[in-house]
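Given the sequences, and given the hints that come with them, work out the whole structure.
Chains as they are written, first to last, in UniProt numbering: chain A, 1 to 259; chain B, 1 to 259; chain C, 1 to 322; chain D, 1 to 322.
In case anyone wonders, no lab produced these hints; they're calculated from the structure.
Each hint should be verified, as a subset may be incorrect.
What the hints assert, rightly or not - Quick look at which bits of chain B chain C covers, simulated, 3 or more residues with Cβ under 8 Å:
{"hint": "1", "segment": "44-55"}
{"hint": "2", "segment": "214-220"}
{"hint": "3", "segment": "237-250"}
Don't be surprised by glycine CBs; every beta carbon is placed ideally from N, CA and C.
Below are the chains, spelled out letter by letter.
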Amino acid sequence: MSLVKIHSHTAIGSEIYELTFVSPVDLQAVGCEPGQFLHIRVTDSFDFLLRRPLSLCKMDIEHNLVTVVYQVKGAGTKRLSEKQVGDVLDVLGPLGHGYPLHALDRAALLIGGGVGVPPLVELARQLQKAGKVVHTVVGFQSNQHAILISELAAYGAVTVVTNDGSLGRKGLVTDELTNDFCSSYDRYYACGPTPMLQAVQQILEKHKLPGYLSLEERMGCGIGICVGCVHKVSRDGQEMNVKTCKEGPVFAAQEVLFT
Amino acid sequence: MSLVKIHSHTAIGSEIYELTFVSPVDLQAVGCEPGQFLHIRVTDSFDFLLRRPLSLCKMDIEHNLVTVVYQVKGAGTKRLSEKQVGDVLDVLGPLGHGYPLHALDRAALLIGGGVGVPPLVELARQLQKAGKVVHTVVGFQSNQHAILISELAAYGAVTVVTNDGSLGRKGLVTDELTNDFCSSYDRYYACGPTPMLQAVQQILEKHKLPGYLSLEERMGCGIGICVGCVHKVSRDGQEMNVKTCKEGPVFAAQEVLFT
Amino acid sequence: MTGQENTANRELPYRAIRNVDLTVPFLDMNFKNPVMPASGCFSFGREMAALYDLNRLGAIVVKATTLDERQGNKTPRLAETAAGMLNSIGLQNPGVERVMSEELPYLTQFNQLPVIVNVAGTAIEDYVMVVQRLSDMDSITAIELNISCPNVKCGGIQFGTDPAMAQSMIRAIKEVARMPVIVKLSPNVTDIVQMAVACEEAGADALSLINTLIGMQIDVEHKRPLLANGVGGLSGPAVKPVAVRMVYEVTSAVSIPVIGMGGIMTGVDAIEFLMAGASAVQVGTANFVDPYACIRIIDELGAWCDAHGVRAVTELIGAAKA
Amino acid sequence: MTGQENTANRELPYRAIRNVDLTVPFLDMNFKNPVMPASGCFSFGREMAALYDLNRLGAIVVKATTLDERQGNKTPRLAETAAGMLNSIGLQNPGVERVMSEELPYLTQFNQLPVIVNVAGTAIEDYVMVVQRLSDMDSITAIELNISCPNVKCGGIQFGTDPAMAQSMIRAIKEVARMPVIVKLSPNVTDIVQMAVACEEAGADALSLINTLIGMQIDVEHKRPLLANGVGGLSGPAVKPVAVRMVYEVTSAVSIPVIGMGGIMTGVDAIEFLMAGASAVQVGTANFVDPYACIRIIDELGAWCDAHGVRAVTELIGAAKA
Ligand SMILES: Cc1cc2nc3c(=O)[nH]c(=O)nc-3n(C[C@H](O)[C@H](O)[C@H](O)COP(=O)(O)OP(=O)(O)OC[C@H]3O[C@@H](n4cnc5c(N)ncnc54)[C@H](O)[C@@H]3O)c2cc1C
Ligand SMILES: Cc1cc2nc3c(=O)[nH]c(=O)nc-3n(C[C@H](O)[C@H](O)[C@H](O)COP(=O)(O)OP(=O)(O)OC[C@H]3O[C@@H](n4cnc5c(N)ncnc54)[C@H](O)[C@@H]3O)c2cc1C
Ligand SMILES: Cc1cc2nc3c(=O)[nH]c(=O)nc-3n(C[C@H](O)[C@H](O)[C@H](O)COP(=O)(O)O)c2cc1C
Ligand SMILES: Cc1cc2nc3c(=O)[nH]c(=O)nc-3n(C[C@H](O)[C@H](O)[C@H](O)COP(=O)(O)O)c2cc1C
Ligand code: FES
Ligand code: FES
Numbered sequence: 001m002s003l004v005k006i007h008s009h010t011a012i013g014s015e016i017y018e019l020t021f022v023s024p025v026d027l028q029a030v031g032c033e034p035g036q037f038l039h040i041r042v043t044d045s046f047d048f049l050l051r052r053p054l055s056l057c058k059m060d061i062e063h064n065l066v067t068v069v070y071q072v073k074g075a076g077t078k079r080l081s082e083k084q085v086g087d088v089l090d091v092l093g094p095l096g097h098g099y100p101l102h103a104l105d106r107a108a109l110l111i112g113g114g115v116g117v118p119p120l121v122e123l124a125r126q127l128q129k130a131g132k133v134v135h136t137v138v139g140f141q142s143n144q145h146a147i148l149i150s151e152l153a154a155y156g157a158v159t160v161v162t163n164d165g166s167l168g169r170k171g172l173v174t175d176e177l178t179n180d181f182c183s184s185y186d187r188y189y190a191c192g193p194t195p196m197l198q199a200v201q202q203i204l205e206k207h208k209l210p211g212y213l214s215l216e217e218r219m220g221c222g223i224g225i226c227v228g229c230v231h232k233v234s235r236d237g238q239e240m241n242v243k244t245c246k247e248g249p250v251f252a253a254q255e256v257l258f259t
Numbered sequence: 001m002s003l004v005k006i007h008s009h010t011a012i013g014s015e016i017y018e019l020t021f022v023s024p025v026d027l028q029a030v031g032c033e034p035g036q037f038l039h040i041r042v043t044d045s046f047d048f049l050l051r052r053p054l055s056l057c058k059m060d061i062e063h064n065l066v067t068v069v070y071q072v073k074g075a076g077t078k079r080l081s082e083k084q085v086g087d088v089l090d091v092l093g094p095l096g097h098g099y100p101l102h103a104l105d106r107a108a109l110l111i112g113g114g115v116g117v118p119p120l121v122e123l124a125r126q127l128q129k130a131g132k133v134v135h136t137v138v139g140f141q142s143n144q145h146a147i148l149i150s151e152l153a154a155y156g157a158v159t160v161v162t163n164d165g166s167l168g169r170k171g172l173v174t175d176e177l178t179n180d181f182c183s184s185y186d187r188y189y190a191c192g193p194t195p196m197l198q199a200v201q202q203i204l205e206k207h208k209l210p211g212y213l214s215l216e217e218r219m220g221c222g223i224g225i226c227v228g229c230v231h232k233v234s235r236d237g238q239e240m241n242v243k244t245c246k247e248g249p250v251f252a253a254q255e256v257l258f259t
Numbered sequence: 001m002t003g004q005e006n007t008a009n010r011e012l013p014y015r016a017i018r019n020v021d022l023t024v025p026f027l028d029m030n031f032k033n034p035v036m037p038a039s040g041c042f043s044f045g046r047e048m049a050a051l052y053d054l055n056r057l058g059a060i061v062v063k064a065t066t067l068d069e070r071q072g073n074k075t076p077r078l079a080e081t082a083a084g085m086l087n088s089i090g091l092q093n094p095g096v097e098r099v100m101s102e103e104l105p106y107l108t109q110f111n112q113l114p115v116i117v118n119v120a121g122t123a124i125e126d127y128v129m130v131v132q133r134l135s136d137m138d139s140i141t142a143i144e145l146n147i148s149c150p151n152v153k154c155g156g157i158q159f160g161t162d163p164a165m166a167q168s169m170i171r172a173i174k175e176v177a178r179m180p181v182i183v184k185l186s187p188n189v190t191d192i193v194q195m196a197v198a199c200e201e202a203g204a205d206a207l208s209l210i211n212t213l214i215g216m217q218i219d220v221e222h223k224r225p226l227l228a229n230g231v232g233g234l235s236g237p238a239v240k241p242v243a244v245r246m247v248y249e250v251t252s253a254v255s256i257p258v259i260g261m262g263g264i265m266t267g268v269d270a271i272e273f274l275m276a277g278a279s280a281v282q283v284g285t286a287n288f289v290d291p292y293a294c295i296r297i298i299d300e301l302g303a304w305c306d307a308h309g310v311r312a313v314t315e316l317i318g319a320a321k322a
Numbered sequence: 001m002t003g004q005e006n007t008a009n010r011e012l013p014y015r016a017i018r019n020v021d022l023t024v025p026f027l028d029m030n031f032k033n034p035v036m037p038a039s040g041c042f043s044f045g046r047e048m049a050a051l052y053d054l055n056r057l058g059a060i061v062v063k064a065t066t067l068d069e070r071q072g073n074k075t076p077r078l079a080e081t082a083a084g085m086l087n088s089i090g091l092q093n094p095g096v097e098r099v100m101s102e103e104l105p106y107l108t109q110f111n112q113l114p115v116i117v118n119v120a121g122t123a124i125e126d127y128v129m130v131v132q133r134l135s136d137m138d139s140i141t142a143i144e145l146n147i148s149c150p151n152v153k154c155g156g157i158q159f160g161t162d163p164a165m166a167q168s169m170i171r172a173i174k175e176v177a178r179m180p181v182i183v184k185l186s187p188n189v190t191d192i193v194q195m196a197v198a199c200e201e202a203g204a205d206a207l208s209l210i211n212t213l214i215g216m217q218i219d220v221e222h223k224r225p226l227l228a229n230g231v232g233g234l235s236g237p238a239v240k241p242v243a244v245r246m247v248y249e250v251t252s253a254v255s256i257p258v259i260g261m262g263g264i265m266t267g268v269d270a271i272e273f274l275m276a277g278a279s280a281v282q283v284g285t286a287n288f289v290d291p292y293a294c295i296r297i298i299d300e301l302g303a304w305c306d307a308h309g310v311r312a313v314t315e316l317i318g319a320a321k322a
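Next up, the structure:
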C-alpha cells in the first residue's frame, strides 16, 4: 500500500480517462507483468470502502510512473475522475498474475474490447520488445469510446471495429477471427467484457489457437484473503473456484469455464 | 440549504479558525440575530452525516458575507479546517433565536468563554450600534486560545482572563463578576461551556442581574424536527424539555435548569 | 425574523416529470407519490411547512404520540456513526390531547396530504386509549403502531419482538380504530417474517419497516457510553442493506402492503425498496442532513423512471423478485 | 515476480510503545496484544505473511473450515454498501483434511502466533467430525465455532439463533475438543444475551461476536439482487454500533471472556470494544481496505494508551461500564 502522487489525468474518450501516477513499486527494481492490476482507493471516505481494480496500461520506467485507463461506470470511478494532478492516491499493487510471454512464439494476436484494451498496450510493448509480431484487434461501442489505438499501432498492426461502424468496420471483434486470419499466430491474448471473452474462447478453441483470458470479477481485497473474486476453472478434470486476484486475473483460456 | 463559496479561512489561534463564506441568506434583506447559528456539512461524505452548528460571529452586509470562528474538537471540525478558499460549503441558516436587544437598556455585560466568544462579537456590534455601553469579559485557556479580543475592543471595554495567566488576569470569568462590577449593567449575555454558564447564572442571579445564556446541545437537524437537542427549562412552574435549535440556542437565564 | 422562514424561498425547482405516473395505491387510497417522511424525523410538520408545500408529499407520518405528555430521555440523545446516527429521544411528545388540539389541526390546511399518526406507549391499554381518542378525528388517514421503539425502557419493545404480544396488541387496537392500522416492525428480531405474518394474521392493514437497530457508541475519552441513555436506535445509510433484505423477505410472505424505510437518501435508494417489494417508502434521517430530502427524492424518483422508460412507478414494486 | 511480494518491503514502521503493556490474558494463555484478524478476512495467513511478520499479531483466526471441500456461492459474492460491504462467500474452503495438510503447517513457522481455527458445517455431526480431526493437531490454540454464518442455506444459521440448538452443538463439541472452544454469535437475533448465556451454560470457554448482519442490495439497473446469492452478510464500520452494543450487553451477563468485532478500522474503534467489555478484538473488513490494518491498529492502540497514561491495555477492559 502506497500513497502516490497523480502526475497527469486527462479525458481520452467519452467518460474515459487516462490517469498517470507515481508507481507504488520501483519499476526499475521489480518490473511488472502486463495484465497485472492496481487496486485503488478512490477516496478515504467510508462511502467507498473497497478499492477499485484497474489494469496496468503503461509503465514509464525512467520516471517511475504507471498509467491506468478507466471508464466512469459507477459512483467510485466518477469520484476517481474528480481527482486532480498533484492529489494523492492510495494504491496497492501491481497485483495478480499477468500475461506470460512465450520465448518460442513468433506472432501474437491481441484481442480487446472496450476498457479491456488498456492492459494490451503494455503487453504489446513487451511482445514487440521481445521481437514478436503483434497484431491487435480491438472493438469499441463507437468512435467516442475508441481509445489507445495509436499506442497499440506503435507496436504492430491494429484492426478496429465498432458496434455502430463509426470507426473501422461495423461489428464485433469476433467477426475478425476467421480461421485464415488466426492461423498466422502462435497465441492469443484477450481482455474485455465477459460475453466477448466467452465468444473469443469458443471460436479460437475451434481454430486450435492457444491463448489467455483476463477475467473480471468483483474484488474485495485484491490480495487473496477474502475469496470474493473467484471464477470457475477446470484443472485435472476438476471444476474449482479460484481467486482471480491472486491466481489471475489472467488465465490460460483452456481452463476457464463460463456458466 | 445553500451551497456557498468560502471567501477566507485562516488560523487565528491554537487549532482555532476563522471561516468566512457567502451568506446563505441575503443579509440586506433579512438581517440576522446575534446568537443565531449556521448548520454546516463539513463534507458530503456519509462519514459525517450530521451538520455541525457554529455561531454567527460577524456579518459583512455590504459583501453579503458571514464569519464563523471554530475550534477543532473532533474529526468533523478537523475536516472543516481542511477546506480551502473557493471551496463550496453546504450551509443551512442562520437558524434559531439569538440574543434579544432591549430598547431601554443602557449598559450590557457580555461574558464569553473559549469558543463561546464568537457570537458576542456580532452582539457587541449591534449593542454598540444601538447606543449601549458594552463591556465584555472573556476567559480563555491560555494566550494561544485567546481570540477576537481586538474585534470586541472595537465596541467597548474588554476584560481578559486566562486559566494559566498567560494573558490578562489568571483565573475564571466568574472571578470578575463581583456585585460592585455587575451593578453597572442592565443585563448580561453569556456564551461558553456549560459549567461556565451554570456558574455565571448562579452568581448573577444572586446579584439580581437579568440575562441570557446561549446553550450548547448536540444537534441533529438544527430546525426542530428531530427533538435531539433539548434542554430543560422551567416555565410557569413546569419543567419541560425545549428544543435548543428552534427555541434557542439563546434562553432567558432565569428559565434555564442545569442538572 | 429567524432563518427558518428565509430558507423557504430557496427550495429546489419542482421538476414536473410529465411522462411518469407517480401515484401508488395504498389500502383504499391513492397516494400522489410513494414518498413520506418517517415518524420522529419530521416532528408534526410545522417546521417543515416553512420550507416547502407539504401537499407535495405522498403522505406525512408524525412523531410518536403517547397517552400522556413525555419529556423523553436525558441528553446527549444523538450520536453520529459511520454512515448513520444513533438516537435516544425517548418518545418526547406533548401527549395525545395536545397533539389533537395543537398539532394535527395545523395539518388540515394541507388538503391533499394524508396524515398518518404514529402511536406509542407502554401497555396495551395506553395504545388503545390513544387510538380511541384519535378515532374521533376524521382528518387522520391511518395509524402507525410503533411497537418497536428501542428507546423506552420496559416499553413498546416487547411487543415488537414477541409475535403473540404483537397479536394481542393489534387485535385490541383493531377493535377501537376507525382508520386503517399500519404496524411498524422492529428489525431487532431473529425472524422478521414470523413477526410480519403474525401481524397480518392479527388484522394489521399494512406493515412498515424497519424501525432502528439497537446500537451503542462509547465515548473513549470519558470512558462511558456517549448517549445518556446508553443505547440508542441506529438509522441512516448504514442500515439500508438490512432494511432492504427485511422488506424483500416480508413482502414475499405477506399480502398486505408494506412501507419500506431505512437509510433512504436518494431516489435510487427509494427504488431499491420499491423493487424489493415495498408499496411506498418513508424517509427519516435524510431530513436532518437535507431538509429538502423528501421532495428531492420524489423528483429523483420521477427523473429515474423517465430516463428508464418507466411510465408508472407501480411498475417498480417488487420488480427485483425473480 | 508479482506485486504482493514487493509490497512486503513497505510495511509501516513498527512503533514499539515502550511504556504500555499490550498483553491480555485469554483463557489460560497470554496474547501479546488483543488484536487478531477475523475469520474469512485473512484466509489462512499465507498471503498476509508476504506483507508483514504474523508474529506481531495477538493471534490469527483462519477461514471457516468444513468437513468437506466447498466451492462456495456463485459470483458476484461482494457488494459495497454505505460504510460497509456485503459478502456471500458461502464458506469456500478446501475441507479439514487439506486445511490440516496444506494450510495449518505453514503457520507453525510463526512460533509466537496462537492459531484459532474457525469451524463451520451444516449438521452437528459435521462440526463434531471437524473438531475431532483438528484435535489431533497440537499447534491449534482454540476452535472458534461458527454457528452463525448467514451465507449457507439450511446451514449453521439455525444453531446461531436457537439457544437450545446452540447448546446441543456446544455440548457435543466439548466432548471431543482437546482445545478451548470459542463460540461465535450471530447478531441476527432478538436477544443476544439469551444466546450468550445459553452458550456459557453449555460449556463455551469464550464467545466472539458479532458475525455479519443479514442484508441485501438491489441492482436497480438490472432489477435484481446484486449478489448472486440474494442475501449476504453485512460488515464494516456501518455495523459497529450494533456490535459494540451487543458486546456491552453480553459482557454484562456472562463471565467467560468475549472477543469483540464488527467494523473495527482504527485503534480507537478497538478501544471502544475493549471499554465495552471485550477481552480482545478481531479485525475483519479493515484488512481488505488496508492490508496493514491489524498491525496499524496494534500501533494505534499502544499510542493511544501511551498518550492517555494507560500503562496496561487490560485497564481498558470494561472501563465504560458504570
Ligand atoms: C482485474 C480487473 C481489472 C480491471 N481493469 C479495468 C481497466 O483497466 N479499466 C476500466 O475502466 N475498468 C477496469 N476494470 C473494471 C473496474 O474495476 C470497474 O469498472 C470499477 O471498479 C467500477 O467501480 P465504480 O465504483 O465506478 O462502480 P460501482 O458499481 O459503483 O462499484 C461498486 C463496487 O463494485 C465493483 N465493481 C463494479 N463493477 C465492476 C466490474 N465490472 N468489475 C469489477 N468490479 C466491479 C467495484 O470495484 C466496487 O467495489 C477492471 C476490473 C478488474 C476485476
Ligand atoms: C448552537 C451552537 C453553536 C456553536 N457555536 C460554536 C462556535 O461558534 N465555535 C465553535 O468552535 N464551536 C461551536 N459549537 C460547538 C461545535 O458545534 C462542536 O464543537 C462541533 O460540532 C464538534 O464537531 P466535531 O466533528 O469536531 O466533533 P465530533 O465529536 O467528532 O462530533 C460528533 C458529533 O457530535 C456533535 N458535537 C460534538 N461536540 C459537540 C458540542 N460541544 N456541541 C454540540 N455538538 C457537538 C457534532 O456536531 C457531531 O454531530 C456550537 C454548538 C452549538 C450547539
Ligand atoms: C431522531 C429519530 C426519532 C425517531 N422517532 C421515531 C418515532 O417517534 N416513532 C417511530 O416509529 N420511529 C421513530 N424513528 C425511526 C424512524 O421513523 C425510522 O424508522 C428509522 O429512522 C429508519 O429510517 P431512516 O434510516 O431513513 O432514518 C426515529 C428515528 C430518528 C432518527
Ligand atoms: C468476506 C468475509 C468472509 C467472512 N468469512 C467468515 C468465516 O468464514 N467465518 C466466520 O466466522 N466469519 C466470517 N466472516 C465474518 C467476520 O469474521 C466478522 O465476524 C465480520 O465481518 C464483522 O467484522 P468486520 O466488520 O471487522 O468485518 C466473514 C466476513 C467477510 C467480510
Ligand atoms: S479480491 Fe479478495 S480474494 Fe480476490
Ligand atoms: S437539532 Fe433537531 S430538534 Fe433541535
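Hint check:
no. : hint    : in the structure
1   : 44-55   : holds (count 6)
2   : 214-220 : holds (count 4)
3   : 237-250 : holds (count 4)
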